[in-house]
Structures are given as structure tokens and as C-alpha cells.
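Engineer: Here is how the chains run, residue by residue.
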Amino acid sequence: MDKLIQQAVAAVDTVLLGKRRQVQLSLACLFARGHLLIEDLPGMGKTTLAHALAKVLGLSYRRIQFTADLLPADVTGAAIFDREKQKFVFRPGPVFAQVLLADEINRATPRTQSALLEAMEERQVTVEGRSYPLPEPFFVIATQNPGSQMGTYPLPESQLDRFLMRIELGYPDPKVERALLSGEDPRGQIGRLEAVFTLEQLAKVQALVNQVHASDTLLDYVQRIVRQTRESDQVPMPLSPRGAMALLRAAKAFALVQGRSHVVPEDVQTVAPCVLEHRLRGSVGAGHSRGQSLTERVLTAVPVV
Amino acid sequence: MSQVELAGYQVSRRSVPWMMAAVVAAMLPHVAHLPPWLLAICALCVGWRWGVHRGRLSYPPMRLQQLFAVLLIGAIALHYRTLAGHQAGTAALVAMFALKLLEMYKERDAYVVILIGYFVAATAFLFFFTLWMAAWILLVALLLTAALVAINASLDAPRLEPIKRSAMLFAQSVPLAILLFVVMPRLGPLWSIGLQPGDAQTGVSDEMSPGSIGSLVESDKLAFRVDFDGAAMPVTSRMYWRGLTLSSFDGRTWRPGRDLERYPALTWFPRGRQPEWLQRQEAARAQAGTLREWRYTVTLEPTQRPWLFALAVPYSDERAVGHVYDQSLRAPGPVKTLTRYRVISVEGMPRDPELPAWLRDDNLQLPDDAAPRARQWALQERAELPSDEAYAARVLQWFAEDGFSYTLSPPVLGAQPVDQFLFDTRRGFCEHYAGAFVLLMRAAGIPARVVAGYQGGEVNPVGGAVQVRQYDAHAWAEIWLYGRGWVQYDPTAVVAPDRITRGSRVALADQSRALQPGLLGDTPLGGSLRALGDAFDYLNHGWNQWVLGFDEQAQRGFLQRWLGGVSAWRIGMLVLGTGVAVVALLALWMFRDVLFRKTDPVTREYQRFCAGWAARGHARRADEGPYDYLARLSAAEPRRATELQRFIVIYVQLSYAGRAADRDALRKLRAARLQAC
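Protein chains in written order, with this note's numbering: chain A, 1 to 305; chain B, 1 to 677.
Chain A extracted, bound-state conformation:
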């Protein structure tokens, strides 16, 4: 199983050059059954990453480009009158996919955003009083432009909480950028990617996450972090129990991606910025953080042992 995981990482890595850590994190997020929010400027490879992940996991993939005039029905689907049958027929929207790429989610109005987020939470869609379950597994990989850009609607705290991780890609380093410039367009390579996992294997990996061992020493450390977020006066939104559970779950999944069957403090520290930063900061500072991030400040203040 570990081999498969490393294979998947390597596969995605060929498409998204020089972002191994981000690839590992996003895979960990999906293994932990979490939704992923990728936040960065346009053209940084967000869509490429999402697309490559879907391919490698062997899942069906659909994409919605969120715009200001997108309506909830455009996401969930709508009941349309069928003349031949003389009745309304439900036409599923793009949300009925195993991996949904919600591109630039903060460009849509809050109404549409919440339609999607409800689907993420409930894993079903309700139209005209009838519920339609979403496929299994169901991942949302949302991308978002930094909130400081014009014409965006930042996600409220409660909806940010639905995403297990929020990652940033960042600029590639010059060597990688040179390779990009001189090589082939990575988008073209996506088509050549082959699925690494079958559905059963993916389910197995997801189950394995639960079996990753977290020792008492490590739980103590996690609790110290949680307590620090509550006692520090620099944290606008202290960590909820759900946030704490998310942190541990993400750390377990990351340990699995690292090929370990137990969590070490470094796993927690690696996933913490992705898991905690958007929860601690709330929607206030959802954009780019300046200087030392909140999570770093919290982590620095908490002794490992």
C-alpha cells in the first residue's frame, strides 16, 4: 500500500514540478476524507494539481468555474420538465462527481457557495424536496483567489471549517520554472497520467488512516497546541474540538503518506499550517498572511516534550 502511495506522489509530481510537499499534503487530505482548499494567485498550478489528483486516484472529475452570476442550480442540478414523459426530471449538476474542482470559489455569491458547502457537509443534494446522494468517494477541491482581489466574496468561518486543509502553492523556484519554460506544458501531460488506485484500494488507504498510531506523548503535544490557541491572546479564533480532531486526522494521514504507521511531532507540525491557519484566523485574514503566521507563533510557543 505504501508503494502505491509513493507511486501516486511521484505521478502527480511529474505534472506539478517541484511541489512535492504540497502534493503530499493534498494526498494526505484526500486520504483523510477531507476537502481541500487551494489558495493562490491565478496561474500557480491550482487546477493542474486538482486535475492530476483526480486522475491519479482514478476518480471521475468535474469542474465548475465559479462566477458572480453562478446560481445554486448550476451547481447542484435542477428538475426540468420532460415533454415526452410529461413530468419533471432531475438533471444532476456538476456536483455529482467523485472529484469536484470548484474553481475560484470565492468569486461566486454566498448563496451559491453555501449550496456547494451544504453538499460537502451532507454528501447529498436536495432539489424539489427530494434528496439525491452524491457519489462515493466525494472530494471537493476548491481553489480560491486571495481575498484581497476585487470582486470576491470571502468564505465565512463556518464554511472554511468544512475544508480539512487549506494549502498554498507558491512560486516555483527558478530551476523548476526554467524546466517549465523549456519543457512541455504540464497540462498536456495530465492526459497521459494513469490511475494508480482502484476504488477498493483508495477505500483501504482511507481506512488505514484510522489505524495510524498516535501515542499518549503525541496526544499530549496536540492538546498543548490546542490549549495554546485558547490561552494565547494573539489568536482571534481559538481551536474548536472539531479543529483539534481535524489536526490529528490530518497528521495521521500525512504520517501514512510519509510511509510511517505512527505519528511523530513533525507530522503535526507539517500539517498544522494547512489545518490550523484558516481556522485560527477566521475569514478576517483569509488572504495572504504577512510575516510569521499565527500557526507558526502557536507552534513555536509549544514544547514538543
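Just so you know, the hints here were simulated from the structure itself, not pulled from any lab data.
Note that the Cβ used here is the ideal one computed from N, Cα and C, for glycine as well.
It cannot be assumed that every hint is accurate.
[To be verified] Here are the computed distance ranges between Cβ atoms for each label pair:
hint, chain 1, residue 1, chain 2, residue 2, range
1, A, 219, B, 608, 21 to 27 Å
2, A, 219, B, 231, 56 to 62 Å
3, A, 227, B, 642, 33 to 39 Å
[Stated by the list, open to error] Which residues of chain A face chain B? A few of them, derived with a C-beta cut under 8 Å, are:
hint, residue
4, 262
5, 299
6, 304
[As the list claims (entries may be wrong)] One-sided excerpt, in silico: chain B residues whose CB lies under 8 Å from chain A:
hint, residue
7, 603
8, 606
9, 607
10, 622
11, 623
12, 624
13, 625
14, 628
15, 655
16, 656
17, 657
Please build the complex by placing chain B on the supplied structure of chain A, with the hints as guidance.
Structural biologist: Structure of chain B alone, referenced to chain A:
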């Protein structure tokens, strides 16, 4: 922003209720002594300010306030005839305090009100010294501090935040307060004011004419309290607390013997100046080794009189206790504050086996025209009986059998009060019986005197102290018998045995309303109320003993005992040491997580490893995980990389991967550490 601008802000609305509560609480103790009109004005001011707070009223105009202030000061001066003195001064302070409320608009005013508030609270101690008042003033200070906190608290702070913070501040200051109380030198007052207790409770007076003790019996105020060393004490019916003897009689009133006063009777230690009679008495005490000795401490409430009360025959080596020739004790001046003194009483020690002539004359003196019928009766009876003892017994028998009764409201007596009492009314209380008895003795040629003091007392089940109250006041007699010295006779005991054996509360229950058991009587509730009262009494006694009684002398003794001497540097070290201890305790509390976090052996081993490398300049950052640390160490010391990695891998296995940390694993970890360090 400068301080001046800050002080110009309006007072925070959140602080006003706290402030009003504190102001009212600070004024309450003064209700007892302020004139009613002043109280009404204070209430008006408080009510007005509250109205302003609620938005129903507006502040009174400045000119009106000024006028009011001048008028009030004038009225107080008129009422007390002065503005000096603690009563008028306090009245003026409270009045201005109340008026200041009406102009409390800015923060600056609020600070002034609070500071005056602390002062007003402290003035309550000019009038009351009880534990309850101290507790109340503590509450006032708590409220004032809460108001102070509330002024500076943000508007969205929780409603009870100020009082919590104030309580926290108080709790933190407790060690310092105790320390200062114990070691702060008791400075003599730079100025002193003559404090009067609320009403001059004189207790036993130095004059006795029928009627004067009757008014005393009504009061259940505490007279004094006695703590016996150890659990043993005489039965209460044998506790005769002698105060003074009365041997001069003018036919109506008994007074202390004139010659006793003239004699250099009062003796103060040091012992070098002891008169010969006292030396004799001490010698007798030394010989009387087989007699019963009682050792006890008396805590005497203020009496405004110099008498100190003790069982016969008393002896005290305290500097402020004098010995009178009649075997009573005396303070150097009127007892104006709570006074404690230690006494040793030797029960049954012979007193004055040989009576000096001057004392004999004093105790046989009778006015020529006093009580002719009684004297005639005495001479007749004495002539028929063989001895003085038999005669005394005959008199007691007469009292017991011939229709004499005990009452608190005896009929008014005319020109020959003793004759009238003995032969006509035959109703009276201890004074009548003691006076008549002594007169009958003297008429028969037996030296006799009246003793005034207290008889009995109640044992508080909590703490075991004997409480003697004003209604225990009593008068009895002592007669001098040849070969035996002074012998105590209590004629009241034969008339009303209950008075002696069960206390005046029982004996007089139907006569005096003050002494009735109360509405609840013997119901269970009444019983538990009494138990509560006993507990309160005990608490208050402890307060008197340990707090009020901690004067310069007690402090010196305490420091001597615990510091082995009183010197500036010793006290300095104590203060410093306590300060350090308090800060250390606080630090322990604040860093309790770090200090008392339970560390398992694996973690300890890892910490030793870290410490080892820290000594070589590669300290682990607190937030550094084991693998990160390993990477850094390996980069710094590539040659040790293998050993380092081995240790870290074993450590992670044990600490994070769930491998059991059994003895074997620990030994391996330790071995790996020794190699890696």
C-alpha cells in the same frame, strides 16, 4: 494620550453600581452613631446619585452643592459643638463623602470618591473592634476595589468581572498583609483620641446601695472571659470573681475602705519593691503547695474602672497588674480597652491569719445611728451562741427560714434601710443580703466586708472558655474568723440557691425580660441558635486574643520565639524571605504545567540526550520534533550521525510508535543515548 485627558473622561457607567454599593456599605457602620438627620441627608445624596445614574434626575447645580456643603459643616459643628474629635470628624467625613457623590461626573471624581471610601471604611475602627466589623470592612474594601476595577474595565467585560478581579487582588495580598501584621513594628500613636465605648458599661461600681446592682442584672453583655490552662476548672457555682471589697458604711451606701486606700496598698512589679505584706502572702503561697492552684487568663472588656477580677487568692506577675491588700487585683488606670492578664489563684489559702489593727478597725466600723434594731438583734443572738462561726450560721439560717425571698425589684427602703429590709420587707437581691449580713456581723464584733464582683459564668462548649456576663454581677461577704483569717460567706446562696448553682439567668427568668430564654426557648431551633451563638463567641474570642491582643509586647514575644531575637536585619530577612517564598509559590503555580508535567522514563531519557547536546552548543528548540533535531545534529556532527540516528529511532519507536517501553527497551534506549551523547 496624557493622564490629564484620561481623567477628564466621564465615569464609566458600569462602575457606578459598584461604587454605590461600596459607598452604602462603607457608610453603614456609622449608622450607629450618626444623628438621624445626617443619615437622612446621606440617604438623599445616594438616592439622588442613583437617580442620575438611572437618568431620572440631573446633577444638582454647582452653587447648590457648595451651599449645601457649607450648611452641612455648620450643622455638624452645631450638633457636636465642635468639628474636632472622632465623632464630629467622622460625621463631617461621611457627610462630605455623600455630597461628593453628587458631583461625581468625571473619572477623576470617581477616584476621589473611592479613595475617601477607603478612609471612611477605616474610620469604622474608631468605634468598633469586633471580628464582624473587620469582616464587614473587608467586604467594603472589596467592593471599593471592584469599583476601581470597573472604572477601568472595558464595557464588554462580564458583569461580575470587577468583583472577581478584586477578590483575586485581595487573595494575592493576604500573605503580605499577614506578614506586615506580624512584623511591622507597632508604633506608638503620634496623636491619640479619647475613644469612648458606645455607652459606658461600668459593670461593678465602687459604691453599693440597694438598687445599683439591680440595673446591672438586666444586661447580658459580656463582662470578661476566662481561659483556664488545661481542661480542669472549678465548678461554676464556686467561681467567685472578686473585684473589690467594700468596708466603709454610712448607713445606706457601702464604699471601699478608706484606710485601704491610704495604705500603700497597690504594688507593682518589679518585685524588688514588694512591700512586706505581699512578701508574706507570697511566702504563704509557696508553702501552700498542697492546695489547689488555678492558672488562667482573663480577657476583660472595657469597664472604665480599674478593678481586675480574679478568684481568691489571686497572684499575677504581670507588670500591669497591681495587688491590693485585700487580695484583689487592680489595673494602673481605668480599663479602657480590651485587657488580658494572667492569674494564678490558690484556692483555700489562708488570708490575713493575723489582722492588723487598722484593718480590723476598718472592718468593724458602723455609723452610730445605723440599724438599731438589727444591732440589738445581733447582740442578743451572739450572746446566746458559743462562737462566731455558730453566729454566722445562725444568721444564714434566719435568712433561709424566716420568709426572706430573692427578687430583682425590691420595695423602696426608707431611712433605716437595713432594719426595714431585715424586719419588714424581707425581699431583696444580693446587695441587700450581703450588706445586711456584714452589718449583722460587725454589730456582733466580727470584722466583715462586702465583696463586689461576679459569680459563676457559662462554659462555652466551643473552645471551653468561661464567659461571665453583666447579669452575673454579684455581691457577697467575707468575715474574719480567729485562726482562719478571711472566710467567704454568700448569704444570697441560702435565700436563692438557684442563683448560685444555676446562674442568675435561670433564677430570675420570670422576673427579668432580658434574661428570658427567648421566644424559641428550648425548641430544637432555639438550641441550634444557642450553639451558633456559642460558636460566634468562640470566633470573636479568637479574634480578640490573636488579632486585637497582638500588641507590641505580644509581637516582641512572637518574634523572639520565631526569630530568636528582634533586630532590624532579622525582620528584614523575614520580610525578604517571605516575599521570595510568595513569589516562588506564584511562579510554581504559573509554571505548574512545565514543572509538574509527568515525565515518563522514555521522555526523561530523551531530555537527558537533549541536555547532553545542549551542553555542546546544540540545544533543541522547544518546538523542535525529534527528526528535525536529528537532522540538525547530524548536519552539525556528521561523524556521529549513525549513533544519533539509532538513538532517535529507538526513541520514536518507544515514544510515538506505541512500542512497549519495557525494561529491555529502556536499557537499549539508555545504551543508545550513552553512545550518541
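Engineer: State the violated hints by number, sorted upward, taking the hints as numbered earlier in the document.
Structural biologist: none
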